[in-house]
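Based on the sequences and whatever the hints tell you, model everything.
Protein sequences, first through last, are from chains A and B.
Residue 1 is where the first sequence starts when you use our numbering, and the numbers rise one by one after that.
Residue 1 is where the second sequence starts when you use our numbering, and the numbers rise one by one after that.
This list has only true hints and no planted wrong ones.
Rough simulated footprint, nothing fancy, chain A against chain B, three-plus residues with beta-carbon under 8 Å: (1) 170-176; (2) 219-227; (3) 403-412; (4) 418-424; (5) 431-437.
Partial pick of chain B residues on the chain A-facing surface, computed with a CB cut under 10 Å: (6) D165; (7) P191; (8) L195; (9) L399; (10) Q457; (11) S458.
Keep in mind the hints are simulated off the structure, nothing from the lab.
Backbone N, C-alpha and C define an ideal beta-carbon position, used for all residues, glycine too.
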Amino acid sequence: MRQGELSLAGFLALLSLYLMWKSTELPIGYISGQGPGGGFWPFWLSFGMLLSCAAIAWNWWRGRSPASVSDEPLMDAFGWRTVARVGGGVVAFVALIPIISMYGAICLFLVYYLRFLGRHSWLLTLAIAIALPIGLFFFFEGAMYISMPQGLPFTQPFFDMMYDIIY
Amino acid sequence: MEVFSLIVDGVATAVQPINLMLIVVGVAVGLFIGAMPGLGSVNGVAILLPVTFLVPPASAIIFLAAIYYGAMYGGAISSVTLGIPGASTAVATTFDGRPLALQGRASLALVTAALASFVGGTVATVFFSLFAPLLADVALSFGPPEIFALMLLAFATFVGLGGDDIPKTIFSICFGLVLATVGFDTISGEPRLVLFDIQGFLRGIGFIVLAIGVYGIGEMLWTIEQTRGDVTTTNPKMTAKGLLSDTKESVRRGWKGTWIGSVLGFFVGVLPAAGATPGSLMAYGVAKMTSRKPEEYGTGSPDGVAAPEAANNSASTGSMLPMLTLGIPGSPTTAILLGGMVMWGLTPGPRLFVDESEFVWGLIGSFYISNLVAVLINLAFIPLFVWMLRMPFTILAPLIFVLSIIGGFAATRSMHDIWLIVIFGISAFFMRKFDYPLAPAVLAIVLGPIAEPTLRQSLLLSSGDPMIFFTRPIAAPITVIALILILWPAVKLVRRKRQVVNG
Numbered sequence: 001m002r003q004g005e006l007s008l009a010g011f012l013a014l015l016s017l018y019l020m021w022k023s024t025e026l027p028i029g030y031i032s033g034q035g036p037g038g039g040f041w042p043f044w045l046s047f048g049m050l051l052s053c054a055a056i057a058w059n060w061w062r063g064r065s066p067a068s069v070s071d072e073p074l075m076d077a078f079g080w081r082t083v084a085r086v087g088g089g090v091v092a093f094v095a096l097i098p099i100i101s102m103y104g105a106i107c108l109f110l111v112y113y114l115r116f117l118g119r120h121s122w123l124l125t126l127a128i129a130i131a132l133p134i135g136l137f138f139f140f141e142g143a144m145y146i147s148m149p150q151g152l153p154f155t156q157p158f159f160d161m162m163y164d165i166i167y
Numbered sequence: 001m002e003v004f005s006l007i008v009d010g011v012a013t014a015v016q017p018i019n020l021m022l023i024v025v026g027v028a029v030g031l032f033i034g035a036m037p038g039l040g041s042v043n044g045v046a047i048l049l050p051v052t053f054l055v056p057p058a059s060a061i062i063f064l065a066a067i068y069y070g071a072m073y074g075g076a077i078s079s080v081t082l083g084i085p086g087a088s089t090a091v092a093t094t095f096d097g098r099p100l101a102l103q104g105r106a107s108l109a110l111v112t113a114a115l116a117s118f119v120g121g122t123v124a125t126v127f128f129s130l131f132a133p134l135l136a137d138v139a140l141s142f143g144p145p146e147i148f149a150l151m152l153l154a155f156a157t158f159v160g161l162g163g164d165d166i167p168k169t170i171f172s173i174c175f176g177l178v179l180a181t182v183g184f185d186t187i188s189g190e191p192r193l194v195l196f197d198i199q200g201f202l203r204g205i206g207f208i209v210l211a212i213g214v215y216g217i218g219e220m221l222w223t224i225e226q227t228r229g230d231v232t233t234t235n236p237k238m239t240a241k242g243l244l245s246d247t248k249e250s251v252r253r254g255w256k257g258t259w260i261g262s263v264l265g266f267f268v269g270v271l272p273a274a275g276a277t278p279g280s281l282m283a284y285g286v287a288k289m290t291s292r293k294p295e296e297y298g299t300g301s302p303d304g305v306a307a308p309e310a311a312n313n314s315a316s317t318g319s320m321l322p323m324l325t326l327g328i329p330g331s332p333t334t335a336i337l338l339g340g341m342v343m344w345g346l347t348p349g350p351r352l353f354v355d356e357s358e359f360v361w362g363l364i365g366s367f368y369i370s371n372l373v374a375v376l377i378n379l380a381f382i383p384l385f386v387w388m389l390r391m392p393f394t395i396l397a398p399l400i401f402v403l404s405i406i407g408g409f410a411a412t413r414s415m416h417d418i419w420l421i422v423i424f425g426i427s428a429f430f431m432r433k434f435d436y437p438l439a440p441a442v443l444a445i446v447l448g449p450i451a452e453p454t455l456r457q458s459l460l461l462s463s464g465d466p467m468i469f470f471t472r473p474i475a476a477p478i479t480v481i482a483l484i485l486i487l488w489p490a491v492k493l494v495r496r497k498r499q500v501v502n503g
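Below, the structure written as structure tokens:
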């Protein structure tokens with residue numbers, strides 16, 4: 001944790017410097033007759049971020065924050081594995097949306113999570129994985145008139161059938 | 001007495017069968033929309049606006065206002081049961097609502113939220129009815145310096161709320177404000193902070209993207225990691241008797257927060273460009289600062305639930321005041337309502353009270369009825385909301401991931417934003433591991449688009465002299481209070497050190 005606290009502060013300080021540099025693409029000073037330039041507000045806020053990171057590092061050096069005096073690891077192997085499985089599942093879910101549509105990706109994600117991470121029965125898994133995307137389809141496409149990504153062309157017959165029901 | 005008879009007439013209009021039906025449906029829809037992470041009153045009102053052309057204009061506005069009310073109540077449901085604010089207005093509700101739920105007292109948090117919302121909405125409606133012309137005049141006199149001073153006060157309050165680690169809180173506020181500047185400079189119209197030259201950033205980063213990332217994805221990852229993924233949520237007892245005792249307890253332990261939120265929320269809500277989010281935040285801060293036991297805040301204090309909930313309902317009513325009397329929307333949702341009124345041939349402004357008196361007082365009457373309907377529906381369905389907590393976490397977690405992603409897309413219609421949600425979520429998880437408070441960033445991204453233009457306009461007015469915030473009669477005291485709040489932790493630290501030295 002101790003090493004991580006300083007590493008994160010360092011990373012955020014670099015991010016602050018990048019944002020300061022990026023802000024200078026627009027004027028950061030006062031323009032006569034126009035007021036502060038477009039980069040003024042983000043530049044000084046980024047500078048505030050940088051100062052905060054310096055203060056965090058100063059507190060780390062003095063051992064004032066709980067993380068700076070902790071010798072515990074950020075996460076144990078089980079924690080890393082759990083976060084990787086769940087976080088990886090979410091990343092895969094989003095990556096699948098442009099391919100198999102929002103509803104197809106939801107269905108697959110639910111099967112993955114409920115069956116393989118949650119170890120629920122196939123009956124419960126399939127009941128939720130099929131009913132929820134269909135319910136969401138009727139809510140968003142039918143009631144709210146919001147079209148979700150439909151994926152590659154091979155999903156079109158499914159959408160044609162569903163649109164026939166709601167229109 | 002004239003006002004009283006106008007209110008009675010207005011209530012009579014609101015309880016006409018069609019209006020009453022629309023209020024019930026609107027409140028129920030609003031509750032659902034408000035409870036869904038990613039969808040708030042603004043989404044619901046915007047999306048359902050075209051549907052209202054099926055009914056007369058007055059009924060349509062009553063329906064949309066009922067959705068607005070319902071969503072304000074609904075935001076608390078997900079804040080308490082899931083730990084994810086349904087809307088920015090309910091962020092402060094998570095501070096104490098979620099700890100209460102984790103202690104197995106979700107029903108107390110929900111009852112407190114419902115009752116505080118009811119009182120807040122009703123008090124604000126009474127204020128609205130009685131003091132409309134006077135308060136509209138006050139709000140009209142606010143210029144950019146006053147509005148920026150108010151924003152500064154909101155951030156200053158947050159520094160006090162951020163816990164002990166002030167640098168991390170300030171980092172979080174600045175980060176949220178910087179994220180709000182991504183896209184285009186609204187004054188010069190030039191692209192700004194297009195990060196890594198990715199074109200998707202030209203659209204800016206919406207509040208909802210950060211909020212869903214932090215409170216949807218990040219919160220779930222956190223809970224899964226902390227609980228090893230195999231925990232089931234709390235299993236509170238829900239009986240009629242329990243509901244009654246929760247009501248008594250919430251009245252006893254939440255009355256102070258309720259009154260602070262009700263009064264403060266209205267006055268903040270009435271200011272153009274302020275609204276329910278800073279109102280709820282400030283109410284929480286003031287309730288904490290004036291409490292005899294401020295250390296209880298953040299650990300499950302009913303006052304900490306009541307203050308923001310009363311304030312957001314009160315502010316939502318307050319935000320309708322400048323919309324109806326001056327034609328200036330007090331919040332994004334009222335901006336859409338205003339657009340709808342114009343479409344229906346109603347011109348908001350002082351003349352509306354004269355030319356369309358029946359409509360105005362019918363709408364005001366509907367505020368009273370909507371509040372009553374909302375609290376009844378909310379209380380009646382508390383067992384349903386608490387049932388969500390009884391679901392095994394391995395079912396609840398993927399449902400929240402799914403709702404976060406699909407809700408995020410519904411609000412933004414952009415895959416770029418969905419990827420940002422995931423990135424913010426994973427980043428939030430790691431930042432939380434190192435005790436970075438994330439709520440200030442979410443609040444800052446909401447208030448940033450108001451704070452920046454008002455600061456720049458103020459400095460333009462004063463030719464770059466920041467003393468403008470200290471010389472105007474309304475801006476000066478607000479700015480001074482904000483600075484005192486910002487410096488207060490440092491003053492406390494110095495005093496503590498002196499005490500240690502003297503001791």
